[in-house]
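Asker: Kindly generate the complete structure, drawing on both the sequences and the hints.
So the chains spell out like this:
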Amino acid sequence: MNRRVRVALLVVAAALALVPLIADRFWVQFAAKVMISCIFAASLDLLVGYGGMVSLAHAAFYGLAAYLLAGLSNGAGIAALPASLPLCLLGVGIVALGIGWLTLRTSGVYFVMVTLAFTEMLFHLFNEAPGLGGSDGLYISSRPIAQRTTVYVAIWASLVGAYLLLERVARGPFGRVLVGIRINEARMRTLGFPTRRYKLTAFVIGALVAGLAGYLDATLYGFVNPAQLGWRQSGLVLVTVLLGGKGTLYGPMLGAALITLVEHFAAGATEYWGTLIGAIAIATVLLLPAGLAGVLQGTRG
Amino acid sequence: MLDGEMTLSLFALQLLNGVEYGLLLFLVASGLTLIFGVLGVLNFAHGSFYMLGAYLAYWIAARSGSLFVAMLIGVPMMLLVGWVVERLAISRLYSRDHLSHVLLTYGLVLVLNDLQRFLFGSDVHGVPTPRPFSFGIALGEAQTWSAYRAFTSTICLAIALAIRQVLLGTRFGMRVRAGATDSEMVEALGIDVRRLLSILFAAGTALAAFAGMLAAPLTTVYPGMGEGVLIVSFVVVVIGGIGSVKGAFVGALLVGIADTFGKVLLPGVSSAIVYAVMAAVLLWRPRGFFGQAAR
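These protein sequence lines map, in sequence, to chains A and B. Per the numbering used here, residue 1 is the first one in the first sequence, and the count goes up by one each step. Per the numbering used here, residue 1 is the first one in the second sequence, and the count goes up by one each step.
Please keep in mind that the hints were generated in silico from the structure rather than gathered at the bench. All values reported here derive from a predicted model rather than from experimental measurement. Quick reminder that beta carbons are idealized off the backbone N, C-alpha and C, glycines included. Incorrect hints may appear among the rest.
[Unchecked claim] Just a few of them, taken from the derived set where beta-carbon distance is under 7 Å, the chain A residues facing chain B:
{"#": "1", "residue": "Ala17"}
{"#": "2", "residue": "Leu21"}
{"#": "3", "residue": "Leu102"}
{"#": "4", "residue": "Arg105"}
{"#": "5", "residue": "Thr106"}
{"#": "6", "residue": "Met113"}
{"#": "7", "residue": "Ala117"}
{"#": "8", "residue": "Met121"}
{"#": "9", "residue": "Gly235"}
{"#": "10", "residue": "Leu242"}
{"#": "11", "residue": "Gly274"}
{"#": "12", "residue": "Gly278"}
{"#": "13", "residue": "Ile282"}
{"#": "14", "residue": "Val285"}
Answerer: What follows is the structure, encoded as structure tokens:
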């Protein structure tokens with residue numbers, strides 16, 4: 001990553017930190033939403049951009065964390081952040097380990113279809129299980145953080161922390177092995193790397209960061225619904241990763257910010273905003289194979 | 001089903017319903033698996049064609065008074081839709097990775113969903129069972145099986161046999177099978193592969209839409225109906241082995257029967273049964289029943 005990107009990221013992070021001081025409630029909430037989308041998109045980039053795993057199960061972990069928080073808060077009265085965050089992530093980690101272990105028995109298009117199927121299964125379970133409010137979802141009776149500015153600060157800190165973690169994982173020795181697996185798994189296996197274990201580790205790390213994003217979403221808005229873990233959500237975050245430019249971490253965050261903006265303003269203007277998102281997805285594939293990051297770096301892929 | 005006891009006639013009824021659902025799924029899944037096998041494209045928009053077929057059936061049947069007229073008009077329309085989509089969008093994917101396929105066809109799903117809302121609205125519609133088949137066939141003393149379901153099963157079975165006949169017994173089918181194995185070689189032999197791919201995609205589209213038309217009186221017509229079928233068809237293809245039509249047939253029947261019995265025996269978690277079956281197959285054979293080695 002070049003110096004200009006690093007400086008730009010620092011400037012954006014600093015600007016985001018100042019938002020609550022200068023902006024009104026709406027924009028603070030909006031900036032918080034964008035930051036959560038950025039965490040979510042960057043976490044998928046670890047899987048797709050570095051590991052070559054086109055997972056459609058990613059939203060499942062986002063929604064699962066939110067449901068776990070609702071369960072802990074409403075059912076057991078455990079809402080305080082130091083208790084609820086580790087418990088939610090533990091739950092997400094266990095489920096991700098199970099789903100990852102099963103789905104990573106396959107690869108390529110099988111993996112795409114199988115992750116989609118498991119997402120759909122979780123969606124049905126949460127949609128139909130008694131006591132979870134069906135498609136309306138659940139309100140969270142007491143949130144981990146009540147004060148609005150504190151929530152914002154927590155989300156900001158999570159974004160910075162998640163980015164630094166993902167960058168360390170993706171650009172360190174582990175990430176290099178992961179990229180090697182994406183390019184030629186057989187060769188990496190021959191070199192003695194337990195490739196499936198590497199992929200599973202990346203899958204779980206990505207799921208945990210996605211779970212963090214879902215936890216923050218539930219903290220910010222105070223409710224969860226099954227649409228958050230549906231396959232459309234998984235598809236949408238895939239669009240953000242590709243639009244931004246996979247395998248760059250900052251690109252997907254740029255894509256997430258853009259899609260969140262489009263979603264918000266287009267949904268207010270027309271009921272056919274899905275076509276706009278669909279057109280963006282199609283145009284990305286046909287015109288911008290390296291995404292916006294590719295344009296910024298002058299390599300169009 | 002009192003006291004958890006299942007009478008023979010009820011069992012037969014559920015089995016027939018499961019087979020009928022499975023055969024309907026086969027129409028969707030066979031196109032999906034062939035399009036992947038030959039074109040190499042994973043098509044998320046396949047379920048949207050099923051949905052469009054169902055909406056066309058509702059719309060034309062409501063105006064002409066006959067579902068059969070709707071099928072006669074609707075199937076050629078969907079052949080055309082498939083041909084246009086292949087030429088404009090899918091054909092640009094042939095040299096790309098499956099991530100591009102997922103993204104572009106996901107974009108198509110969103111666009112086609114909006115098209116459906118724009119053309120037909122967001123309401124749920126019922127389609128009356130065609131008059132010649134609106135009676136029940138007696139099974140034992142207490143159960144009847146809908147004659148329309150019997151009709152649907154027969155048609156689907158006939159189509160399955162026709163697909164088999166075309167693939168194994170005609171020059172076109174031979175080229176399709178050759179294309180699935182090595183499309184470069186087929187091209188080198190002077191066969192117009194591009195045209196072959198267009199025809200195949202259009203046929204798959206029309207098959208999915210026809211399945212939607214057949215299902216319309218059984219399931220009602222509603223927004224998002226295509227996505228449910230798409231995902232279950234993926235499960236079918238994963239179980240059967242991607243690219244294998246035989247696998248799609250076996251997988252579709254297995255899923256149809258498992259789902260139908262799941263709804264009766266385990267009503268609380270019925271929707272999870274299908275995925276449990278898939279997980280079991282994955283544990284046992286990660287490439288499905290008839291899957292080939294990596295391509």
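Asker: Look at each hint and say if it fits the structure.
Answerer: Hint check:
1. Ala17: violated (33 Å)
2. Leu21: violated (38 Å)
3. Leu102: Holds, about 6 Å.
4. Arg105: Result: holds, 4 Å to nearest chain B Cβ.
5. Thr106: Check passed: Cβ of Thr106/A comes within 5 Å of chain B, closer than 7 Å.
6. Met113: Because about 4 Å separates Met113/A from the closest Cβ in chain B, which is inside the 7 Å limit, the hint holds.
7. Ala117: Constraint on Ala117/A satisfied, holds at 5 Å.
8. Met121: Given a least distance of 4 Å, the restraint on Met121/A holds.
9. Gly235: Where the cut-off is 7 Å and the nearest Cβ of chain B is about 4 Å from Gly235/A, the hint holds.
10. Leu242: holds (5 Å)
11. Gly274: holds (4 Å)
12. Gly278: Since chain B brings a Cβ to about 3 Å from Gly278/A, closer than 7 Å, the hint holds.
13. Ile282: It holds, given that the least Cβ distance between Ile282/A and chain B is near 4 Å, below 7 Å.
14. Val285: holds (4 Å)
Violated hints, in rising order: 1 and 2; the structure is consistent with all others.
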